[in-house]
Amino acid sequence: MDLNLDAPHSMGTTIIGVTYNGGVVLGADSRTSTGMYVANRASDKITQLTDNVYVCRSGSAADSQVVSDYVRYFLHQHTIQLGQPATVKVSANLIRMLAYNNKNMLQTGLIVGGWDKYEGGKIYGIPLGGTVVEQPFAIGGSGSSYLYGFFDQAWKENMTKEEAEVSILISMLMP
Amino acid sequence: MTFTIPIENGNGVKNAEADSQRTLYPYVTGTSVVAIKYKDGILMASDMGGSYGSTLRYKNIERMKAIGKHSLLGASGEISDFQEILRYLDELMLNDNMWDDGNSLGPKEVHNYLTRVMYNRRNKFNPLWNTLVLGGVKNGEKYLGMVSMIGVSFEDNHVATGFGNHLARPILRDEWREDLSFEEGVKLLEKCMRVLLYRDRSAINKLQIAKMTEEGVTVSEPYSLKTFWDFKAFTNPTVGAEGSW
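These protein sequence lines map, in sequence, to chains A and B.
Counting in the numbering used here, the first sequence tops out at residue 175, every number present.
Counting in the numbering used here, the second sequence tops out at residue 1245, every number present.
Treat the hints with care, as some may be off.
Lysine-lysine pairs mimicking DSS-like chemistry, simulated, CA-CA at most 25 Å apart [unchecked claim]:
#1 A:K103 - B:K1065
#2 B:K1226 - B:K1191
#3 A:K89 - B:K1059
#4 B:K1191 - A:K103
#5 B:K1187 - B:K1226
#6 B:K1191 - A:K89
Everything labelled a hint here was simulated from the structure, so no lab data went into it.
Just so it is clear, the structure is predicted and the values come from calculations on it, not from any experiment.
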């Protein structure tokens, strides 16, 4: 068995975002792997961008971190200029801008989730390539393959916060 | 970073670093778009699927969008590039409005703009990975055209992208007429979309039909087609069990 310790850190991840009748719930696992070795078993893949917007990161650890850092910086300036909290849509679009314009170099899939006073709780999926898709719930990362079937039957409109949380907890149990 | 020595040959100097800026392959893709001219204008149909390789990842992607008052753009191929094209067109229409001269860009002009954009990107080896269908009605004139990712551009009475080229075109060549009514046009498009649903692996049964007339552009709510699966061999499977594939 060959432990390729020089392999790029990728996240072998499951990330989920679910809207409910008062906002959004985000979930993620905590494993970062380098090839077969688990480099970090306590990673925090849910990253804060502003007081009201968070992003779930998957794919290359480095790429997703640097994109988050840039967007946090842009949003900070944007909030100062705007004079009020940034919207989830703007946050998602800033991520899209970086993801799309650097699509040849980046390998990261992201789920942006947050709450603002105009649209309430919103989830935006931003897969490889830089497409933005607004969704009532989003799944991502290599671990999400197992969840397409589960969410197809488990998800329904207007869930309560508890139902949303439970669906995420159950999902994390899937391999 | 490796230092490459430029090699001279008949085509000029080659340098590996120059290859770094190009779209290599699509990630999230939409499948066929089919469109026809009919008596009062243009009808266009597409499904709402966004595939990620062989997985049908997104089932709510709108692949047809109104452009100004007169045109509708449908796209197959990479969705992020389609979204970028919509931004370019937004800017185009905004600048057109700002002239405030009572004129507005019609489908012919938008088609020409898109052709230039697609062809120029192709020349830089950095294509927008889409096949676009542009239709509309302005001043009573119906217009329907198509542009591919390499900049091939033309107009016709009926067009189709992707799998639609192979499956829908023959049907349209056979059954399209100049004076189709709205209902006949929709039925013809649904016939094409049904065949695509049966035979295109990346198609889903959730489609929209868009209508362009002098009055304006409307995109229908998503709906599904009825399909036939009542094959005799399946209704009574044991009867024909031996020697059946």
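Quick rundown of the hints versus the structure:
Restraint check: the Cα-Cα separation between K103 of chain A and K1065 of chain B comes to about 24 Å, which is no more than 25 Å; the hinted pair holds. For a cut-off of 25 Å, the pair hint linking K1226 of chain B to K1191 of chain B stands: about 10 Å separates their Cα positions. With a CA separation close to 20 Å, the supplied pair K89 of chain A and K1059 of chain B stays within the 25 Å bound. Note on K1191 of chain B and K103 of chain A: the hinted pairing is violated, with a Cα-Cα distance of about 37 Å set against a maximum of 25 Å.
For the given pair, K1187 of chain B sits about 12 Å from K1226 of chain B by alpha-carbon distance, which is consistent with the 25 Å threshold. As the CA atoms of K1191 of chain B and K89 of chain A are separated by approximately 38 Å, the hinted pair breaks the 25 Å bound.
Violation of the numbered hints given earlier is confined to hints 4 and 6; the remaining hints are satisfied by the structure.
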